[in-house]
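Chemist: Residues per chain, in single letters:
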Amino acid sequence: MSERLRKLIGILLILAAAGVASGQALLVSCSTPAAAGSAQRAVVAPG
Amino acid sequence: MPRLLLLTAVFLVAAAGLLLLWRHVMRRDAGPDAALPSPVAGLLLFLVPLPVAAAAVVALARGQLWPLLGDTLGYGLFLGGALLVRRGLLFPGGAAGGRRPFKLLGSVLIGLATGVTAWLGVGHHPVIAAAFALLALLGCYLTYGFDWHPRGSNGPALSKPARAALAQAQQTITAIEQAGRDIRQPDLGARLRRITGLARAILNRLEDDPRDLRRARKFLNVYLDGVQRVVAGYAKTHQHISAPEIDERFLRALITVEEVFREQQRALLASDLDELDVQLEVLTLQLQREGII
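Residue numbers (the working numbering), protein chains in the order written: chain X, 1 to 47; chain G, 1 to 293.
Honestly, the hints are just simulated from the structure, not real lab data. Incorrect hints may have been included.
To be verified - Taking CB as the label site, the calculated pair distances span:
id	chain 1	residue 1	chain 2	residue 2	range
1	G	193	X	4	22 to 32 Å
2	X	30	G	252	39 to 49 Å
3	X	30	G	15	13 to 23 Å
Unchecked claim - Example chain X residues on the side facing chain G (calculated, C-beta under 7 Å, incomplete):
id	residue
4	6
5	10
6	14
7	17
Remember, it's a predicted structure, so these values are computed and weren't measured experimentally. Idealized CB from N, CA, C, for every residue including glycine.
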């Protein structure tokens, strides 16, 4: 695997894991307190 | 509809930022300064968790206890991990303190931070949070690599005097950097940063293969000290008076030092010890002419 490809996959994985978790944390916090639980459930089990 | 527009804007800004970062990294990798640490090393790890900090603030404002705890802990771990990875990138090998695997420790913290955020901040099942953590750890490994070398697996071990010499050299480089902060001229400052970057790269090379250390002692003991004395002297003078001829002489000296450090690094990489000796003699003459040693 070339160095470039390795770095690209690594950055994508960081974004997919840390980035998604960060975004979801913000989404959950921004939901209203009453809806926070449903937002959490929606994140855990979409659909 | 406004939410969709906002999301699109955020996505576009993030994509543009990433594209710029990617182009910067790739340009550096292909350029002559590829061996030097980048000033934006590890920037991604500082940017990605910013929403967690915002989430913690929002959770605090709304009085949500568990999201607040999860987000605060997660962001703290993210920040600690990013700082450690950056340290590992800027000072690979950790010559001054033996072999501290900063990148490995930082990556583990990043993985932990991702897991904690997904578990406590978002509310995912712990198993899913663990999967997030492992993905983040793998991403850090692929992007930055790990700097953990089991004893004896990477060339001969460093002896105590060798470690002391490298630690001393590291301190000298730090002293050069500190003195360089007092110099307000951007071009001189940039050149000094390149020189200290080269010196660190040479030290890392010596730490990886201590067999070259004996031949490079002159570099460690004489040249680095000479450069440090000159930089400290110039910085001290520069605070009081500004003389163009002194500036020009200092710039000439820095150009010489940078060229020869670069040659030294190249010769070490090529294991060309004869050329190294020649280069050191050339450097001696040039630096004597400049009045550095």
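Chemist: Indicate, hint by hint, whether the structure satisfies it.
Modeler: Hint check results:
no.	hint	in the structure
1	G:193 to X:4: 22 to 32 Å	26 Å, holds
2	X:30 to G:252: 39 to 49 Å	58 Å, violated
3	X:30 to G:15: 13 to 23 Å	22 Å, holds
4	6	5 Å, holds
5	10	3 Å, holds
6	14	4 Å, holds
7	17	4 Å, holds
In summary, the one numbered hint that this structure violates is 2.
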